[in-house]
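Those sequence lines, one after another, are chains A and B. 1 is the number of the first residue of the first sequence in UniProt numbering; add one for each residue after it. 1 is the number of the first residue of the second sequence in UniProt numbering; add one for each residue after it.
If you're looking for bench data, these hints aren't it; they were derived computationally from the structure. Any given hint could turn out to be false.
As the list claims (entries may be wrong) - Derived DEER-like restraints, expressed as beta-carbon distance ranges:
#1 A/133 - B/221: 23 to 31 Å
#2 B/165 - A/87: 21 to 29 Å
#3 B/52 - A/222: 13 to 21 Å
#4 A/208 - B/86: 21 to 29 Å
#5 B/90 - A/135: 40 to 48 Å
#6 A/136 - B/19: 45 to 53 Å
#7 B/169 - A/46: 48 to 56 Å
Cβ coordinates follow ideal geometry from the N, Cα and C atoms, glycine included.
Number of protein chains: 2
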Amino acid sequence: MALRTLSAKNAAALDEELMSAGAFSIDQLMELAGLSVSQAVFKLQPISKGNRILVACGPGNNGGDGLVAARHLFHYGYLPTVYYPKQSKNDLYQRLKKQLEDLKVPFTDDFHCALKQSDHIVDAIFGFSFSGEVREPFSKVIEALRDAQVPVLAVDAPSSWNIEDGPPDSGPGKGFMPGALISLTAPKPLVKWFKGRHFLGGRFLGPELAMKYELDVPEYQGLDQIVEVPVEDSKL
Amino acid sequence: MALRTLSAKNAAALDEELMSAGAFSIDQLMELAGLSVSQAVFKLQPISKGNRILVACGPGNNGGDGLVAARHLFHYGYLPTVYYPKQSKNDLYQRLKKQLEDLKVPFTDDFHCALKQSDHIVDAIFGFSFSGEVREPFSKVIEALRDAQVPVLAVDAPSSWNIEDGPPDSGPGKGFMPGALISLTAPKPLVKWFKGRHFLGGRFLGPELAMKYELDVPEYQGLDQIVEVPVEDSKL
């Protein structure tokens, strides 16, 4: 059975509803989202196979999830490095950054150099609110992700993919197919074109909201904040 | 080797520092604290042994940790019931309550009745800022916890215990020895008198702050947000 997907428009509406009627703060939701991302990295990249994780963060919420994930990865024993070239002045992101600085997690300005010293990459550049063109510095970064020799986990969407229509026909993301994807709260329509391992995260969606947005709450196991979705289940 | 303890005064100072210089929000810290509590329940009370968890919440932060734990327990498949007789008007607690209401987690006014229908209790009444006398309705509740036939997990402190001096010589908490305790961030001096299973939670303390407050960061395993501390390690 395929998991139902959530359009970009409905993903924004659900986030909004979680934070208004649902009474969640963005701090809470981002903490849980980033925790999910960190757990997917833990499954994909055991520390014994290489503990250097490069987390590429975009300017918005997707980047914020990456910042939270990097902090949890540090506590698990990884050596995260963060690439965060377009830093928001938003208080929350500034605080998430400070939390990493206090742990001495390095921030890098040179993605290509950092890439060569990494065992695994987290693509937290663009999420479900992405549309339009990729601009610098991210177009070069996405090209590097596309050509990377180490595994990439994309958060919510492979960056540069259209949320509804999947991989772009041109531009830096043409041919970019990360090895793994973690969908937050629910898969977006782009999963139809995705060919790697697929995880779902965000174990805070209640039955009522799931019903309202016509989503499936998958069977998480034990204390896991993520669940791996069999490939056939993530197709439309 | 005994884990070093954190006095009530230093616990307050550390919390304050995490939220000022450390740039954490209380939403974040409480989410992670409550998540730790829920993981300790999961270890102590497998769902197959009885999934009815009564969470007794006090008016302050300890109660807030309980509210977060109840939400995570719901998502794990437990049936939490919340006793929360002195509800703060504070926005955060109101929101945590609303999140539970949206999941249809029941709130009860009758602790004694709820106790009879529970398999496990979480004592989130008073934490490290407790001092002085226990007042109603909590004195009767603590007497009931003391006499309970089902296991009790205390959050940060067995409620009514003095943070520095341990179990009280008189009053409702005299003789109250819960079967398990989860210390958040670091054990408080009262652990010297504690005889049950002891967990530590709060996997967000970095090496610098641990050094500043002369605390130990124990070896958490895998993705665990808690670690069980051998009994000899929690003695002074």
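- Please test the hint of 21 to 29 Å on the beta carbon pair from residue 165 of chain B and residue 87 of chain A. The hint (21 to 29 Å, Cβ to Cβ) is violated, given that residue 165 of chain B and residue 87 of chain A are roughly 48 Å apart.
- Item | Pairwise beta carbon distance, residue 208 of chain A to residue 86 of chain B, judged against the given window 21 to 29 Å | Holds - the Cβ-Cβ distance for residue 208 of chain A and residue 86 of chain B, about 28 Å, lies within 21 to 29 Å.
- Task: State, for the Cβ atoms of residue 52 of chain B and residue 222 of chain A, whether the hinted interval 13 to 21 Å holds or is violated.
- Result: holds, 19 Å
- Using the Cβ atoms, figure out if residue 136 of chain A sits within 45 to 53 Å of residue 19 of chain B. violated, 37 Å
- Does the hinted range 23 to 31 Å hold for residue 133 of chain A and residue 221 of chain B at CB? violated, 45 Å
- Query: Between residue 169 of chain B and residue 46 of chain A, does the C-beta distance stay in 48 to 56 Å?
  - Reply: About 51 Å separates the Cβ atoms of residue 169 of chain B and residue 46 of chain A, which means 48 to 56 Å holds.
- Task: Take a look at whether the Cβ-Cβ distance between residue 90 of chain B and residue 135 of chain A falls inside 40 to 48 Å.
- Result: holds, 42 Å
When the structure is compared with the earlier hints, violations turn up for hints 1, 2 and 6 and for no others.
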